[in-house]
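Same order as they appear, the protein sequences are chains A and B.
Numbering-wise (the working numbering), the first sequence opens with residue 1 and increments by one.
Numbering-wise (the working numbering), the second sequence opens with residue 1 and increments by one.
Bear in mind the hints are in silico, worked out from the structure with no lab data behind them.
For every residue, glycine included, the Cβ atom is placed at its ideal position computed from N, Cα and C.
Some hints could be false.
[Stated by the list, open to error] Computed from the model, here is a short list of chain B residues facing chain A with C-beta under 10 Å:
1. G126
2. R135
3. L165
4. R177
5. Y191
6. L197
7. G199
8. P201
9. R204
10. H209
11. N213
12. P217
13. E291
14. V292
Now for the letters of each chain:
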Amino acid sequence: MTLLDVKNLVQHFPTGRGKAVQAVNGVDFTVDAGETLALVGESGSGKTTIGRCVLGLIQPTGGSILFHGEPMGGRRTLRSPELRGRMQLVFQEPAESLDPRIVVGRTIGEPMAALGASRADREKAVRLAAQRVGLPERLLGSYPAELSMGLQQRVGIARAVVSRPELIVLDEPTSALDPSARAEIIDLLIRLQKELGTAYLFISHDLSTVRYLSHRVAVLYLGSIVEQGPSAELFAAPRHPYSVGLLASVLLPNPELRRESTIRLEGEIPSPIDLPPGCPLEGRCPLAIARCREMPPVETVSPGHTVRCWRHADVAQMEQAVDYFERFQIEAERILTPAPSKQEEQWAN
Amino acid sequence: MAMARDAGARARGGSRRLAFFMAVLRTHPSFALGYAIVLMVVLLAIFAPWVAPYPPETADPVAFLQPPGWPHLMGTDATGMDIFSRVIWAPRIDLSIAILGTLLSALIGTTLGALVGYYQSVRGLGRFGAGFVMRSADVLQAFPVFVFAIALVAVFGQSLQSIVLAIAFVNAPIYLRLMRTQVMSIRTMRYVEAAWLAGMPDWRIIARHIVPNAMAPVLAQLSVNIGWSVLLTAALSFIGAGVKAPTPEWGSMIAMGYQNIVTGHWWPSIFPGLALAVTVFGFSLVGSSIEVLSDPARRRRLAGRLETVRGIAP
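So that you can see chain B by itself, here it is in the shape it has in the complex (with noise of 0.2 Å):
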């Protein structure tokens, strides 16, 4: 029977939890990758002045559109930049972006989600301010996330906060939804009654018992929604409405490049388009996980499947 824990033991916890991960690791090597190819691409970012063996913004006009070889690993494109340059360094732009605009969505989304979950049933003010709220979500989906990025973009004019709150907005009511149907279902359990009669101040229960036991899909979709970000992002830079050039972003980066196409120079769009699938299907993998990790049930079974084979449990 599982006893007490003093802290010498919860430290052992810990290491087994960080074992339990690992362990999933090895049996899902798809959630491997996803964790390799994020680390990968905050690194490259974080150290790209270092890495990248060009300026990402200084044009070499003698050497334009130069084939992938050496010294410039994946060509230049029309007006000379070394493109591997400018890949390893667009996901500065491109994860600030999306990290920033992802967190603020998830900040007013579960933040709206908890009070409208908490207090939708009690009659009068929080029945009302609960379908305001609703509705207003309800109209902001119902518009196409681009073209209201692009109208966000519109009024506020074209700069990196502006695509910061596109994001930002454009994804609120995810978070408002997802964590509403989770504060309703965590609202009646036993504990939040306890507490509730106990006299325990509504914002108390809410930040110490709801939210705690409310976070798990946010993670996973926190994930999820970063990749979903980085797309945004460029398909905003794309279609001009986002980042200019010459600064390094990947989505600026193909529209720069797919004229050259019709040329045959495929290399200056097709380089900065890859690296964006891979960023984004990375983000997936890693929200997978996260809720793979997270689901008791599966994590459950996981456990006892691990446990049967290595002596291994979370």
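So that you can see chain A by itself, here it is in the shape it has in the complex (with noise of 0.2 Å):
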């Protein structure tokens, strides 16, 4: 069942003399009910923005977003009564996403009270999602400041699936977080998905925890996707440029499991403002050509599995299909699952 439709979706921020920023530039994505998809990017590529657009933080210059098929905004917001709890959202920053004079069982019971649940509810609602996100319920008269990030981080999902929404979004719920702090919380929320059922909009350019914790990705680069698919068949076999790029870059644990990639991007991700009519990587890309002046079409290269770039059947050349994917799942598995055992045997070696 399809619980967000996002078709076309722009946002341009005017700059003054007819200049604007163009953050988001026709975006379509949808998440099903109880599936996590990841939007991962470089920073300024807009995945931010789509995810404040979607919330109605801010109003998008153009496109529709539809909640259970029925287009949001105007008098259908998150703030009207009959979709109020429904959606939620967990913010990067655990520290700022708290009211640093209030104790951390009021802030969890808030969208209870704006539901208008009576106080004994939100009590035992507030006491139930404490509970599922292993925060002791000794810590709910606490500040924020008394906590470690850690800890106020599970406060801000505790207050996200207090309502028990349908669907939350994540800012880069673990990039502000150590380590340690970042595993626990990816397992906690894949745990919450199995126990709630609630699907996940995934903002995140930390390209590990994407794979561990999202079922489709869509890969954005200066507010376009550049390619969207299950994430299995993403990681293993990319077919953009960009996204060969990305996944090269990441820093596995395991050196050996790094991807040999034979496309580099040079330089940066370039200024929003003005965007050239064509596809947007054309400046960076090794494989570019004088076509990349023109927009690519968005074209299918097996289910659910689509790639806007007209040297697609190129990279899939190039990239021999060598399936790092099930070994990358297992390393993964092995350093974020809390197994102490292992741990202290590594320690001894």
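Work from the hints to combine the two standalone chains into their complex.
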């Protein structure tokens, strides 16, 4: 069942003198109930802007966002009574997402209060949410500054799940955390999705986390989705030069697993003001040809896997579909699953 | 790592905060002086009837313009009233007017400022209303403070209420601007966005998340402003637009005494003038101490320093 359907989303921020920052340029994607779609890209690729549009924190310049098949915007927002508490958000910076002057128990209960729950119901929901995210009940009376970053992020997640939303937008929820807290939070997010069946729109630049958490991946570059597909397939056989470059840049814990790539991206992501009409990667792409000055169409390479590149067939040839994916998965699980005995073994060596 | 606290631990947190406060006073002796001055002035105002040796409004026609000494510590004025007693009684009027006026201005200013800061980005009524309020504040602040206060007293008549109102109106734009900028920055905080997305009504977001987090500079401003307002009250009384003689009030006392300075009788003006200056100074010091205490960056620096020296932290 399609929960969220984003069609041709455009977000331009005027900068004066007729110019505009073209943050998002016609993005299409869907999120099904209970699945995780990851939006990945460098900073400046528009991924956070898309998340904020979906939540209604900013008004998109164009396109439509359908939640349960009906468009958002106008009178139908997350604040309107029928949609309240059905879509939630987890922020990147745990400390800034919690009011420093309010005890975390009350913060967690806020979405329930907005739903008009009675005091008893609210307290029950808060205790349940705290239990779900592994936040000890005795900590509900503490202030955010008294908690570690990992615990603060658990509070943020508890606030997001307390109203049992159908969709949670995760805006880089782990990038501010240290590695051990990150692993715990990722495990927690996966467990919560299994328990509650919540769909995630997972915004991240951290590909190893994305791989571990998401069912499908959309790769963003300068406000356009350049490639989209099931994450297993996209990680194993990327078809867009940018996806290849991005995957090559991942620092895998085991250097032998590092993807050997024939494509290296040079330079920085260009300014999103006054983009040229062609492929946005044209200036940085080692495979660029004259035709890349025109915008390539979205082509389907296999069911659910689409790519926007004139030379995707050539990329497929160059990238000898070596399936690093399974090994990647095993390595990631080994690192991310708390297994003290294994770690002790490592330390012993 | 900081872990949760039960009720007992929170009480310990309170006593630690007090210890931190005391440590700040020790490292900044001028702040201690400020608190001492303010405390003394307030206590004198409260206990004036018991402290003052003479009734403040009774003239002794025989003992006029007595120099400072015994039994008149600060001498007597031209009508024979005891200046020491009157200096002690004066803060009852001066402080009441200043505190009332300042609180009223803070109430008006912060309320409007919070609304303007929160709603000014809303198209239509929000932007229009915010523009209207801010331009009104511009007009208000374009007048010289003193001229504006005199005009208000002239319109509403010479009474205590008029002076309180004058102080409230003159100072309200300060709080309006202060609160507006605070709210504008806090409004974009992630926790406000979270509350907004949860569907919490605007007024509750303002009351629960925005105003409490915006109040620190307002509190610092309050103390400084009470000092100024004492000065304004005295100034209005000095030119005869404020409190009238024989009510004991520093400004009118200075006014009553200044003709005598040329004949060498300096005490009827100098003593109330000194009291006024010291009081304003005291409130300014308290204001800067609040600013230091509530600035997280300076607070942390200070705490770090204190921790290494004495093992005390906030």
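Structure-based check of each hint:
The beta carbon of G126 of chain B comes no nearer than 15 Å to any beta carbon in chain A, farther than 10 Å, and the hint placing it at the interface is violated. About 24 Å separates the beta-carbon of R135 of chain B from the nearest beta-carbon of chain A, more than 10 Å, and the hint is not met. For the restraint placing L165 of chain B at the interface with chain A, the shortest Cβ-Cβ distance is roughly 33 Å, beyond the 10 Å limit, so the hint is violated. Interface restraint check: R177 of chain B against chain A, minimum CB-CB distance 23 Å, threshold 10 Å, status violated.
The beta carbon of Y191 of chain B comes within 4 Å of a beta carbon in chain A, closer than 10 Å, and the hint placing it at the interface holds. Taken as an interface hint, L197 of chain B checks out: its beta carbon lies about 5 Å from the nearest beta carbon of chain A, inside 10 Å. Given the 10 Å rule on beta carbons, the hint for G199 of chain B holds: about 4 Å separates it from the nearest Cβ of chain A. Taken as an interface hint, P201 of chain B checks out: its beta carbon lies about 8 Å from the nearest beta carbon of chain A, inside 10 Å.
For R204 of chain B, the interface hint holds, since its Cβ comes within 10 Å of a Cβ in chain A; the closest pair sits about 8 Å apart. Among the interface hints, the one on H209 of chain B holds; its C-beta lies about 5 Å from the nearest C-beta in chain A, closer than the 10 Å criterion. Of the supplied interface hints, the one on N213 of chain B holds, with its beta-carbon coming within about 6 Å of a beta-carbon of chain A, less than 10 Å. This hint is violated: P217 of chain B has a C-beta 15 Å from the nearest C-beta of chain A, more than the 10 Å allowed.
For E291 of chain B, the shortest C-beta to C-beta distance to chain A is roughly 18 Å, which exceeds 10 Å, and the interface hint is violated. Interface restraint check: V292 of chain B against chain A, minimum CB-CB distance 19 Å, threshold 10 Å, status violated.
The structure shown violates the earlier hints numbered 1, 2, 3, 4, 12, 13 and 14.
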